[in-house]
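Just so you know, the sequences run in chain order S and V. My numbering puts the first residue of the first sequence at 3, with every later residue one more than the last. My numbering puts the first residue of the second sequence at 3, with every later residue one more than the last.
The hints are simulated quantities; they were obtained by calculation from the structure and are not laboratory data. C-beta atoms are modelled at their ideal positions from N, C-alpha and C, and glycine is treated no differently. Warning: the hint list may mix true and false statements.
With a cut-off of at most 25 Å between alpha-carbon atoms, the simulated DMTMM-like pairs for lysine to aspartate or glutamate come out as follows [claimed, not checked]:
no. : chain 1 : residue 1 : chain 2 : residue 2
1   : S       : Lys365    : V       : Glu456
2   : S       : Lys444    : S       : Asp303
3   : S       : Lys302    : V       : Glu575
4   : V       : Lys373    : V       : Glu456
Have a look at the derived ranges for each label pair, beta carbon to beta carbon [claimed, not checked]:
no. : chain 1 : residue 1 : chain 2 : residue 2 : range
5   : S       : Gln412    : V       : Gly46     : 45 to 55 Å
6   : S       : Val376    : V       : Leu488    : 51 to 61 Å
7   : S       : Ser184    : V       : Ala282    : 56 to 66 Å
8   : S       : Ser184    : V       : Val567    : 49 to 59 Å
9   : V       : His453    : S       : Val376    : 28 to 38 Å
10  : S       : Phe24     : V       : Ala589    : 40 to 50 Å
11  : V       : Leu488    : S       : Met476    : 46 to 56 Å
12  : V       : Gly413    : S       : Val413    : 33 to 43 Å
13  : S       : Lys27     : V       : Ala565    : 41 to 51 Å
14  : S       : Val413    : V       : Phe70     : 33 to 43 Å
15  : V       : Ile53     : S       : Ile454    : 49 to 59 Å
16  : V       : Ala564    : S       : Val413    : 21 to 31 Å
17  : V       : His453    : S       : Lys365    : 50 to 60 Å
Facing chain S, from chain V, some residues (calculated, C-beta under 10 Å) [as the list claims (entries may be wrong)]:
no. : residue
18  : Ala22
19  : Thr26
20  : Ile73
21  : Val142
22  : Gly147
23  : Leu157
24  : His166
25  : Val567
26  : Ile577
27  : Tyr578
28  : His580
29  : Asp582
30  : Asp587
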Amino acid sequence: MTFPLLSLITFLPLAGSVLLIFIPKEKRASLLYLALIFSLITFIVSLFLFFNFNGHTADPQFVEKAPWIGYGINYHIGIDGISLFLILLTTFLFPIAILSSWNYIQSRVKEYLIFILMLETGIIGVFVSLNLFLFYVFWEAMLIPMYFLIGTWGGPRRIYATLKFVLFTMLGSLLMLVAIFSLYSLYFKASGTYSFNIFDFHNLMLSSNMQIWLFLAFALAFAIKVPMFPFHTWLPDAHVQAPTAGSVILAAVLLKMGAYGFLRFALPIFPQAVEKFLPLLAILSLIGIIYGGLMALIQKDAKSLVAYSSVSHMGLIMLAVFSLNLESIEGAIYQMINHGLSTGALFLCVGILYERAHTRLIKDFGGVSKQMPVFAAFFLICILSSVGLPGLNGFVGEILCIFGVFKANQVLAILGVSTVILAAGYLLWMYQRIMHGPLEKKKILSFKDMNIREIIYFVPIIIMMFWLGIYPQMFLRKMDVSVQHLLNQMAQKEKILTQNPKDPSIKNQLIPKSLEKEHHKNKKKEEKTL
Amino acid sequence: MSDIFWLIPFVPALSALILAVFGTKLPKKYISYQACGAVLISFGISIISFIGLLQTPQQNYPLVKNLFTWIHAGLFKANLSLQFDPLSAVMALVVSLVGFLIHVYSVGYMAEDKGYSRYFTYLNLFTFSMLLLVMASNIVLMFVGWEGVGLCSYLLIGFWFEKHSAATAGKKAFLVNRIGDAAFLLGILFIFIHIGSGEFTAIHQAVGGGAVTQGVATLIAILLFIGATGKSAQIPLYVWLPDAMEGPTPVSALIHAATMVTAGVYMVSRLNSLYAFSAAAAEIVALVGALTAVYAATMALVQNDIKRVLAYSTISQIGYMFIGCGVGAYTAGMFHLYTHAFFKSLLFLAAGSVMHALSGELDMKKMGGLKKYLPLTYPTFLVGAIAIAGVPFFSGFFSKDAILTSAFAKGEYFIWALGIAGAVLTAFYIFRLIFLTFHGKERMKPQVKEHIHESPPVMTIPLIILAFFSFGAGYIGLPAVLGQKLNVFNQFLKLGGHEAHISMGIEWLLILISIAVAFTGIFLAYMFYILKPYVPSMMASKYPRLYKVLYNKYYVDEFYNAAFVNSTIKGSELIYNHFDLKVIDGAVNGTASSTNFSGKILSYFQSGLIKDYALVFLLGVVIFIGYLLF
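Please construct the entire structure, taking both the sequences and the accompanying hints into account.
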C-alpha cells in the first residue's frame, strides 16, 4: 500500500484539534500558533496532490480503500480533476482564516480553534469521499463545528442565524439521506451486492421515474447549500452573524459543496432527470444571477452585500454547470476557485474594517482610503477580481462560463451577461461609499492601515488572483479529462435510453458490460486526444 | 530587430508594477525618470519595430509573437500573442509619443501632489493597457486592454477621491463603459461560435471567405460597435466623458487624445473586413458618428468650463472618425485619429497650463485677456485651435477633409451635410474659447491676477512639440487632388474598404466648402465675442429655453438617472422589502416559528461549556451510527 497521503491531509487538522485539547486555555499564543502550524502543514502536504496529479486519466487518484462498517460502507477516498482544486482551495484558505482570527476572537480561543480545525477535516472529507455513506457522514459532521462557530462567536442575532442555517441544511440533508438509502437498495436489487461506491452508482441505470424522485431529493440538498434562488435567505443571515473566518470559509468552500454535489452525484447518476428539470434549474440559476445582483445593490450592511453578491456569482456557476458542456463545466469549476478567493477576500476586507470600526454599515464609513492606502489597494484588487476584470482570475472563469452557457442557450447567456454590469455596479458603489469621499467621520481618523499579519495573509490571495488570471493553463489542463469523462458518462446513459425509449426492461439495472467496454475504449481515446 | 515589438506594452507594465509595490518609498525624482523613461523606451522600440516593419515584405504582415496559450477550454482558445502591422504601428507610435509627452508634462503639473507615485503607477498602467489593446492579435486579448483602459480611467478620473464629484465621475466612467463592454463580450462570444477563433487574421479570412452570413456579421459588428460607443463616448453612451474632467488635466489629455476614446475607432478599423462586409452595420457606424459629431458640438457652444468645451469637442471629433470608418474610408478615420491625438492633447495640456496659471480656475467667465500673461501657452493653444477648426495647411484640415470627401464620394450626402454643419460649430466653439480666454476684458479676481505666471519648461516644452505636430502631422496624408502618390499614410496603412473616386473639380469644390465653413465659424465667433460681446447674452435671454437645454446638455444625464439608475435601485428596494424579506424569508420564518419548540431546545444546549458540547457531539454521533446500523 502506498503512502496514505489523502488520509493525512484529511485528518491532520483533526489531529491538530485533538492536540489543542491538551493545551491549557490560558496559553493563547501557543494555541494560535499550533492551529496555524497544523493548517499550514496540511496546505503544504496538499501541494503534493497538485504536483503529482496526473491530468491524463479520469480514474480517481490517490485512492485509499479500507473496510469500515461493512454492508458496502467502506472507507474509500480519492480525488479527480474536479475535487482536486476544491481541496486545494480549502487547505489554502484555512491558514488565512486562522490568521484573520488572531485578534478578532477574544473569548474561548481554544474552543474556537478546535472547531475551525474540525471543520477543515469535515470539508476535505466531503471532497475526497468516494463512498456515498462516508460522504454523508462528513457532510453532516461538518455542520456541527460550523453551527458552533456562528452560534458562539457570531454577532447579536447569531442564534437566529445558526438555527436558520442548520434547519435549512438539515431539511435538504434528510431528504438526501433517504435518497442515498434508496439508491443503496436499488443497487442491491440490480446487482445483488451491497455498495455505497459512487462509481457503482454511476453504472446504475435507473428508470426515468425513479431518477426524478431521487434527483429531487439530492437537488434540494445541494440547491440549499449553493444556495440557489429561492433557498438563499439563510445565507445573508449566516454571513452577517458569522465571525470573519466563518464567513470566509462559508462563502469560499461550503457553498461549493452544493455545486460539487451536482457535478459528482446529481449529473452522472440521474442524467435523464437533469435533462427534464434543466429548464427549471437554468431559469432559477439565471434568476439567482440577476436577483442576487439587484439585492446586493441596495444592501446597507457591507457583509450582507457581499453575501448577496455570492448568490449572484453562484448563480452563474450553476447556470454553467447546467449548460452541460466542456467549456461551461471547466468554467464553473474555475469560477468556484475564483469565487472562493475573491469573495473570501472580500469578507476578509469587511472583517478588517469591522475590527477597526465595530460596524459594518456602509453609511458609517467614507474616505477610508486616505487613512488606509495599502488596504485600499488590496480591497480594490479583490473587488476587481470579483467583477471579472481581465488579467485577474475572475475573468477566466467568467468568460468560460458565459461561453459555455452561450453554446447551450444564447438567450440565457445574453441575460446572464448582465452580471458584468451589475457586479461592477454594486461593488464599485460600495467601494466608493466606504473608501472614497471626504473623511467626515471622526472615528475613521483613528484607523490604522493593515498590519504585517494582515498583509501576510492577504498577499498570497492577491498573488493567486493574478496567477489564475494570467496563466490558467496549469489549472485548466488538470480538469480536462475528468470533465470530459463526466460528460461522456451522461451521454452514454442518454444513449441507452434514447435507443430504446419505450423499452420496459430498462429499469434500475446496471449498465450492460458490453457498453461498459465501449465506454472504456472511449475513455482511452479521450485520454489520448487530450 | 523587428521581433522585439512585443516588448512595447510590457515596458510600461513593468514600470507600473515597480511603482505599485515600491512607489511610496522611492524619491519623486526617480519616479519621474522611471515612469517617463519607460514610455520613452516603448516609443523607441516602436520606432525600431516600425523601421523593421518597412523592411519586411508585405506578404509577411502581420508580424505575430505568440507568448503562450492564455485561456483554453474546448472550443474557446485565446493566446497571449501580440501582432505588429501598419495599423498597430501607427497606433503604437501615436500612443507612446503622445503618452510620453503627457508623462513629462505631468512631472510639472503633479509636482506638488501627495499621490505622486500612485499617479504615475496609474499613468504607466494606462499606457500599457492601451498599447496592449492596439497590439493584441486576437479579440480576447484586445478585450484585456479594452477593460484595462476602462479601469485606468476609473482610477485616474477618481484620482482625487476625497472629492465626491471625482469619485462619482470615476465610477460613472467605469459603469457606462461596462454597459458597452457587456455588448462587446457578447460580440466576442458570437465570433467564437460562428468563426471559431478570436484571432484577427482568422476573422478576416472567415469574413472574406464567406464563412459567416451577412446577418451574423451585422450582429457581431453592431455588438462590438455598442462597446465602441461606450469606450469612444458616442451616442448613447457618451455621458461619462464630460464628467471625466474631474481627474487631473494631463489625464484628460491622455484619455481624450492618445488612449481610451480612440479605442473604438481602432477596433472598427482593425475589423474593417467585418464592417465592409456588413453594409447595415457600416451605415449605423457612420450615422451614429455624424449625429454625435453635430450633437456634441452643439453642447460645446454654451459651456463655460474650459475643459468641458474640450470634452464635448472630443466626442464630436471622434464622431468624425466614425463617419470615416462608416463610409468605408478607414484610413481617413485613422488619419483623423492620428492628427486629433496631437491637437487634442495640445489643447488639453494648454488648458491645463491656463488653469495652472490661474490657480485652478476653469470658468472662462473669470478669464479673458490672458494673451499677454502666457506668451508660450497662448500661441500653442492657438495652433491647436486652428488645427481643430480645419484651417488649411494645419493637420486637422487634411484629415477632416479626407473624411468628408469620402462621405460625399460614397453618396452619403446627408452624413456629409451633418459633417459640414459640425465643422461650422467646431470652428465657432473653439474660437469662442480662444476669445473668451485669451482676448477681451480681463475678468480674473484680483488675487488670482497677482499670481498669474507662465508654466515651467517641463510643461511648456511638451506644448511646443505637440504644437509642431498639430501643424505638420497632416502632410503625410495630402488630398488626392494633389496627387495620389503624396498620401503616404494611405499607402502605408492600406486598410480594406473601397474609396470611391470623384472628379477633380468636385473634390476642389468640397475643399473650398470646407475652408469656407471653417472661416465662417471663426468669423462668427469673432463677431460674437470680440466685436459685439453683448450678443451672446442677448441671445441667451432671447431664447432662454434653447440656451437652457444646451447648457444642461439636453438633460440626458437626468433622464438616464431617472430611467435606469434610480428605477433599478427603487425597484430592488421594493423587491427586497416586500418579496425577499416578507415572502421568501417569511415562509422560512413561518416554518421556523412553528417549530419554535426545537429552537428553544437547541439554544438550551448552548451552555458554552466545552464538555457539554463534546457530550452532545458524542451522543449525536452514537445515535446517528446506531440509527444507520438499525
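Contradicted hints - numbers only: 1, 13, 17, 28
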